[in-house]
Amino acid sequence: MNTFTTNMLLVYILAAACFVVGLHLMNSPATARRGNQVSTAGMIIAVIATLVLLIHDGTVTAVGWTVLIVGTLLGSAVGLWSARAVQMTAMPQLVSMFNAVGGGAAALVAVNDYIQAESARGGVLGTTTVFTVLDVIIGSVTFSGSIIAAGKLQGLITGAPVMLKGGRAVNVGLIAITLGSAAFMLTTASLPALLVVVLGSLAFGVLMVLPIGGADMPVVISLLNSCTGIAVAMAGFVINNWGLIVAGALVGASGGILTKLMADAMNRSLANIILGGFGTGDTAVAAVVSGDAQIRSIAADDAAIQLAYASKVIIVPGYGLAAAQAQHGVAELAKLLEDRGIEVSYAIHPVAGRMPGHMNVLLAEANVPYPQLKEMDEINPEFPRADVALVIGANDVTNPAARRPGTAISGMPILDVDQAQSIIVVKRSMGTGYAGIDNELYANPKTSMYFADAKKAVAEMTAAVKTLVG
Amino acid sequence: MSTALVTDLTIFVLALLVGIEVIGKVPATLHTPLMSASNSIHGIVLVGALLIGVTAHTAVGYILAFVAAFFAAANVVGGYVVTGRMLKMFRRKAAPAAQTAPAQQAVQEQRQESVRS
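Chains as they are written, first to last, in this note's numbering: chain A, 1 to 470; chain B, 1 to 117.
No wet-lab data here; the hints were simulated from the structure. None of these values were measured; they are calculated from a predicted model. Glycine is no exception: its CB is placed at the ideal position from the N, C-alpha and C atoms. One thing to keep in mind: the hints can contain errors.
To be verified - If you want a taste of the chain A side facing chain B, the calculated C-beta under 7 Å gives, among others: (1) Asn112; (2) Gln116; (3) Gly229; (4) Ala233; (5) Ala249.
So here's chain B without its partners, still in its complex pose (with noise of 0.2 Å):
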């Protein structure tokens, strides 16, 4: 087993436990907005589709290449565009009895926001 490899599963093996430590805190109210957002994480595989869709040099290297590049950017500019769309609806408001001007204004950004979406 080379060191290169060795190195490569040692940083898979920390980055599995990271993942499972900074996850195990999350509250139920963020669960959607999570599996979207760690869903957008992995679209850094078009970092992958690039580095590898270079070296074809045949119709079916490229044909794989464009499918790769083609999944992966929807995958990554999809997966953050919705995350930001879904975060944006998670706002405090004050009650509506005491309902404060920023409140208002709040409200305000948000209908027009779900009239655009």
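With the rest of the complex left out, here is chain A (with noise of 0.2 Å):
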């Protein structure tokens, strides 16, 4: 090992450190912007270095470097124009467009290397070969995966799972071919096994995401990130470089600790949740409260005395607030209301919205100081202090059936919207949440339903609200 090689390790040793100070700033609020700059500034130093690396071999063809160049330039204008333009609800999906694009990258690197050592030795090639077959697998299951899952998200796929006839023995078919040209990878070098392992990958990776509901989609987006993760670290044995295998194996430790959080969240496996359980996606089903319980639905007029009255006012948004872009109008109501001396909190449940802390970061958007914004361990106390609980677009994370055992949703932690004095629920209608149980809420003598899109529900309580306090 040369100067100049060892050099250029260290400098990748500098860019990891960056990534893991980076990650551990995002411990807090305070720090996370300085955490994100320290971890892009490591990026910078690793792009550099390996440029620098390039230029000093001089092997690089013109073509070579033409290529290089404007596909970094192109997909770097892409990535740009897709963060700036991107709605901070349509967060999701472009994060999971970057997981396929990760992941096809990751796939490819794999891929090529291949290509040159198989025409350049023609022979077999090694340890690498294993790290040769995870990677191409790893990648192009997320690459496909990752493109469904954000269709999905964005409505271009029905978010309700997709079960096709006879999935299950396509899927063992698919793995068995897969597995099979992989293990043949072992022994003997062929490029059409290769194209096998990609193309089984591929199809494997589409008819994996498909059956999943909408509601699961989260948890599938964050596990696909682990699973690019690992797929780079996979690419950073292929060509042998630290750098790939820090940075990959960080993300796949993140993105797999991020799963199992938002699976607890939901009391769902991951088993679960991949093998296809009751997740029947967020399509509103008609569907009635059982038994003879009474609901009592609520006016507009009627629920702004209530608020603007009170003297403790906990708002739980729930998804139907991010579908129906509320956030703003929320944060409007909200503030109305705090001119009024009334204290206003938000309880945020963990997987309120479509990923873990998604909705603190709506709100945030909407101007709601973070401070206001209380998680579930902290709000549940004060919930039998609060005059009013303002429920707009959540379900099952208010369900007192979680306490009892033997319902689908039995164990889940969930808000304690049934301990306030009253409770206001916006909702679009009685249709059940992503569990597919009557929601016991709704039959409390304390609730009253609200039933409109929440955005127009927001915006007809803070004019009722302004009509009534003048």
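Both chains are sitting in their own frames, so use the hints and assemble them into the complex.
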């Protein structure tokens, strides 16, 4: 190892250290921005070091440079444009698309390496073939799976689980063919076998995500994020680059932890989600609360009276709020109430929105100061003191049925909304949440239902409060 | 098993453990930005795409190198920009009743930001 190569390795270690420190700084909202900057600096260092390495090498052809530079610049432009243009509510889709391209790039690195080595030496490639195969499989599955996941969230593909006839048999067949070809590659260098592995993995990614309901998509995206990390680490093994190994492993581990946190908060096991559980997507199914439970509905004026004369209001935002883009309206209503000296806080369930923490981002976008956003454990003791709990587009996370055993959501941590003095629920219909069960909260004598789209309902209530207090 | 491979595996396993340790403490508030941040970190694959892309000498090789560089660059640039955009919104502000001048200014800046974006 000459001095130059050693120096380059040291630079990669510096970059890797930046990633670790950057992630560590994301522990608190106060330092999170600096964390991202440190991480960005690490990335810039790594890319510049790579360019220096290539220039020093001097073996790159003119065509090679053109291809790489044009590719990088075009990709950067597309990435920059989509990051600037994206709506905050569409964040999960964008993360999913970045997963797709990241996984795709990782797979292509291995494919390219395999093709070069195969033509150069025409022989078997030794131990790295294991990593090549793993990289290609994980990367390709992530690529196609992430595109399907993004399509589902964007509404381009139905959010409902798509069950193909004989899907299970097809899956088993695909896995068998893919793993068979992969095993063959370990003994014999073969480009057709590589092609079979790529196509098999791509098809498997599609078939894996299609049967999963839209409500479970955030967990799937987090899992695919983790997978992309692992694929990148595998690419690091293939080309023997520590920067890729460290960064990929970091992402793989972080994505894994996040996925587990998310699945825990929804009281679902990962196996349950992937193998297709009760997830039925977020489509509102017309259903009626069973039995002879009385449902009271409420109009804007009555809701406004309750809100305007309360001394403490807790807002419980859910996916319905995000879907209706009502976050700005809610912030306005909250401001109006605060100006009257009413104490307003937001109860954020760990899985409110489309990803954990997504609701925080949406409300932050609407200029809600983050100290007002209370996490579940912090806000639950406050519900008995609240005059009004205003539930907007949240369902399963407020269902008291979770406290009893024997229901689909038993054991899921919930917000103690039913402890509030009175409860207003804004909801489009009596449809069930992803768990597909009736919400007992709605039958509570303290609860009034406000049937409307979240954005419309919030605007009506704001107008009514304004008229009321002049 | 070669020494280089053992070294690589050591680094891989230790980095996994560091990843678990560093992430375990992040509050739920920051989970979405965190996912986005880790998402941009796997954009390091751009380095891999460049390193392997230069070994290409055939038409197929060039096409693969081009697509890999394109994908990886979109991942890394988009990931960092969108994470930064998200984190910019997380600001602690004074309560409206006791709003001070700097807080007002922060609100102003944020409004401008939301107009721009």
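For each hint, the structure was consulted:
1. Residue-level restraint check for Asn112 (chain A) holds (minimum Cβ-Cβ distance to chain B is 5 Å; threshold 7 Å).
2. Look at Gln116 (chain A): its Cβ gets to within about 5 Å of chain B, closer than 7 Å, so that hint holds up.
3. Because the beta carbon of Gly229 (chain A) sits about 5 Å from the nearest beta carbon in chain B, less than 7 Å, this interface hint is met.
4. Taking 7 Å as the C-beta cut-off, the interface hint given for Ala233 (chain A) holds, the closest approach to chain B being about 6 Å.
5. At about 3 Å, the closest approach between the beta carbon of Ala249 (chain A) and any beta carbon in chain B falls short of 7 Å, and the interface hint on this residue holds.
The structure agrees with every numbered hint stated previously.
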